[in-house]
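Below, each chain spelled out in residue letters.
Number of protein chains: 2
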Amino acid sequence: MPSLAPYKSDLDYGYAPGAFPAMECLLHRPDCARRVLLHSKAEGTEAAQKLTALAEKLHVRVEIADKALSRISGKENCFAAAVFSKFDDALTPGAPHVVLHNPSDQGNVGTILRTALGFGVEDVALIRPCVDVFDPRVVRASMGSLFSLRVKVYDTFEDYQAEHPGRALYPFMLDGSRSLPDVLSGDIPADWTLIFGNEGSGLPASFAHLGQPVRIPSNEKIDSLNLSIAAAIGIYGFTRGSASR
Amino acid sequence: MPSLAPYKSDLDYGYAPGAFPAMECLLHRPDCARRVLLHSKAEGTEAAQKLTALAEKLHVRVEIADKALSRISGKENCFAAAVFSKFDDALTPGAPHVVLHNPSDQGNVGTILRTALGFGVEDVALIRPCVDVFDPRVVRASMGSLFSLRVKVYDTFEDYQAEHPGRALYPFMLDGSRSLPDVLSGDIPADWTLIFGNEGSGLPASFAHLGQPVRIPSNEKIDSLNLSIAAAIGIYGFTRGSASR
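Those protein sequence lines, which keep their order, are chains A and B.
So for the first sequence, numbering that gives the first Met the number 0 puts the first residue at 0; every next one is plus one.
So for the second sequence, numbering that gives the first Met the number 0 puts the first residue at 0; every next one is plus one.
Please note that the accuracy of each hint is not assured.
No copy labels: a pair is met if it fits in one copy or bridges any two.
Once the Cα atoms are required to be at most 27 Å apart in a straight line, the calculated BS3-like pairs of lysine-lysine come out as [stated by the list, open to error]: (1) Lys-74 <-> Lys-7; (2) Lys-74 <-> Lys-85; (3) Lys-220 <-> Lys-151; (4) Lys-220 <-> Lys-85; (5) Lys-66 <-> Lys-7; (6) Lys-49 <-> Lys-66; (7) Lys-151 <-> Lys-85; (8) Lys-220 <-> Lys-49; (9) Lys-7 <-> Lys-151; (10) Lys-56 <-> Lys-220; (11) Lys-56 <-> Lys-66; (12) Lys-56 <-> Lys-85.
If you are wondering where the hints come from, they were derived from the structure by calculation, not from laboratory data.
Owing to the predicted nature of the structure, the values given are computational and were not obtained by experimental measurement.
Same shape as in the complex, but just chain A (with noise of 0.2 Å):
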């Protein structure tokens, strides 16, 4: 392995900067991990000892790397992350799947890993074009969820249902035809897919034809809700029982 370079998409190899989704890395993806960076202010903290032997008890390296901590993460304050390889799954059939069409920020898609997985939707499908899912960014707001989902990137929306047909979509769009509240009072499918679209420009219109696209009720003194924020609210709605939505 060649010295670590700051993050590039077309790496073989991505970066989990901080101690937590280093930690989430060694727990949740011991066979990509490659190695375990630490500053060395970090020597001796609870977390450092705590990522240290796990990642001696799965033989990854742990090395003290402070001017590769910070030209990989571009923050002075990192004190530890972990590399690991890229990996590539298969959505599970059949079960609850998100997906998220030409997703531009990397917070945002972060963050929807981590409400994805704190409620239950363990698959994830991308559209691209989109951010990079390696992303450290990516990595760092999701909190290492990555590593305890199935993620695939699809260069289409078509590719994606041609691998899951039959599916029952959700498209979230503004002007959805029925509201989130009055489709969760009906019985949903246990193989539902909620799709949403781009920060800026939402889903195209032509999604407005595939399924039941929803709408999330809010007033007219915003303009939208943020994506994150949006995809918390529909993934929340879809996973609560029945008797309590």
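Add chain B to chain A, keeping to what the hints say.
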């Protein structure tokens, strides 16, 4: 007014960076608007024309100020901003409130302001220590929602309580004694206050003795939800009619 400095908390004015937030400032706090700054590259665009037309109507000066824009926003691609006098509001008694206790992330606070406004909660308190609500990063993340809300900052939660006694308090805590769907299945008084803690440490344990502590049901695979996500789910739940909860 002296030449425009990079933003600091002790200035008596702030910046609303971006055409949309600047427009929100002119529309909803016209009395506070001091100047509109435009980048020379933005001249002639529809957004600049709208801003200019409204500013002229309000007798607010419009300047081409490329250098000031990059200085105050810290970004090269900020094409418009409003300069506004800071304001101070009393919160509405009897209306729903959101209280943010010691929030430390500007993006989270801005996103929560945007979400609150979108769901019709127009009174927000912050408890110190907390981010400066006039920080341009807050204003930007709020998409200018700040200008449509009543926001008040208190030194302590007790100060908030003294000014707004007898309200129905709902502290959101990881170990809250009732789950959100359970709380929402009962009667909710009109004067509810949702309270959310710091990103890292949550609310102090003593808040478990205030009102009805609420837990958002999520699984053990994540440490916690992002603050702006937890707040959004809480606000959405409390503002849906009981029929759709």
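Problem set entry | Violated hints, by number in ascending order, as checked against the structure | Going through the list in order, the structure violates no hint and respects every one.
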